[in-house]
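Trainee: The residues making up each chain are set out below.
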Amino acid sequence: AQRVTQPEKLLSVFKGAPVELKCNYSYSGSPELFWYVQYSRQRLQLLLRHISRESIKGFTADLNKGETSFHLKKPFAQEEDSAMYYCALSRRSNDYKLSFGAGTTVTVRA
Amino acid sequence: NAGVTQTPKFRVLKTGQSMTLLCAQDMNHEYMYWYRQDPGMGLRLIHYSVGEGTTAKGEVPDGYNVSRLKKQNFLLGLESAAPSQTSVYFCASTGQGVPTYEQYFGPGTRLTVT
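Residue numbers (my numbering), protein chains in the order written: chain A, 1 to 110; chain B, 1 to 114.
It is possible that part of the hints are untrue.
To be verified - Quick look at which bits of chain B chain A covers, simulated, 3 or more residues with Cβ under 8 Å:
1. 39–45
2. 61–75
3. 95–103
Claimed, not checked - Simulated DEER-style distance windows between Cβ atoms:
4. 40(A) x 84(B): 19 to 29 Å
5. 59(B) x 41(A): 19 to 29 Å
6. 96(B) x 39(A): 37 to 47 Å
7. 18(A) x 69(B): 41 to 51 Å
8. 56(B) x 27(A): 15 to 25 Å
9. 14(A) x 114(B): 22 to 32 Å
Claimed, not checked - Far from chain A by the CB rule (all over 10 Å, computed), these chain B residues:
10. 17
11. 19
12. 26
Derived by calculation from the structure, the hints in this document are not laboratory data.
Even for Gly, the Cβ is constructed at its ideal location relative to N, Cα and C.
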């Protein structure tokens, strides 16, 4: 079974401070890992995919297979980063179904 | 491209009533999914489809039925609504040509069952 854990329900940081959202997963194979973001009352949007090793809106996420983690980081948070963030996992062998973590609500204060 | 669209955006039902949510995508995606979003629980998969004419159960299928008669449409039905089905429902799709098969989401349907 595959499972995704986001231990923080709420995260509050000041503008300009670093922010890190934790994500741990349980799956023994090679999953695809994603971070999705949902701004207030909007649809989920893909933020990052692990395979791309890219930086989007200043966010990066590194897959650590040894620790089975895929933490999301941004060195300097902005007010527009306030949103709900979901870590998610899928597998080709499982019809690409997404298993989501419970989500972390990030509030960036001025 | 409109992407993934959902109809309706909002709905209030009384217990025992029925309704159908429509999801449409114009990206020629093979895979389509229905999720429900509840506070503190993330998104949970209700049903999904790997192609026209196919459907399969997800994590929380009870009380819901689905149909995929056309490749671009995926319908979610509630035969007899219950207050526990009050939620926000999201449809998503993906397919060949999408890097790593990440999913594209619709805007959601906010359903309240009284």
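Trainee: Decide, hint by hint, whether the structure agrees.
Mentor: Hint by hint, here is what the structure shows:
Given a C-beta distance limit of less than 8 Å, the hint that chain A covers the stretch 39–45 of chain B holds, as 6 residues qualify and 3 suffice. Counting residues of the stretch 61–75 of chain B whose C-beta lies closer than 8 Å to any C-beta of chain A gives 0; at least three are required, and the coverage claim is violated. Residue count for the stretch 95–103 of chain B with a Cβ under 8 Å from a Cβ of chain A: 5. That meets the three needed, and the coverage hint holds. For the pair residue 40(A) and residue 84(B), the beta carbons lie near 25 Å from each other, so the given range of 19 to 29 Å is met.
At about 24 Å, the beta-carbon gap between residue 59(B) and residue 41(A) stays in the expected band of 19 to 29 Å. A C-beta distance of roughly 29 Å is found between residue 96(B) and residue 39(A), which places it outside the suggested range of 37 to 47 Å. The given range of 41 to 51 Å is respected by residue 18(A) and residue 69(B), whose C-beta atoms sit roughly 50 Å from each other. The beta-carbon spacing between residue 56(B) and residue 27(A), approximately 20 Å, falls within the hinted interval of 15 to 25 Å.
The supplied range of 22 to 32 Å is broken by residue 14(A) and residue 114(B), whose beta-carbon atoms lie about 41 Å from each other. Even its closest Cβ contact with chain A, about 25 Å, leaves residue 17(B) beyond 10 Å, as expected for a residue assigned away from the interface. Every beta carbon of chain A lies more than 10 Å from that of residue 19(B), the smallest distance being close to 21 Å; the non-interface claim holds. The Cβ of residue 26(B) sits about 15 Å from the closest Cβ of chain A, beyond the 10 Å cut-off, so the non-interface label holds.
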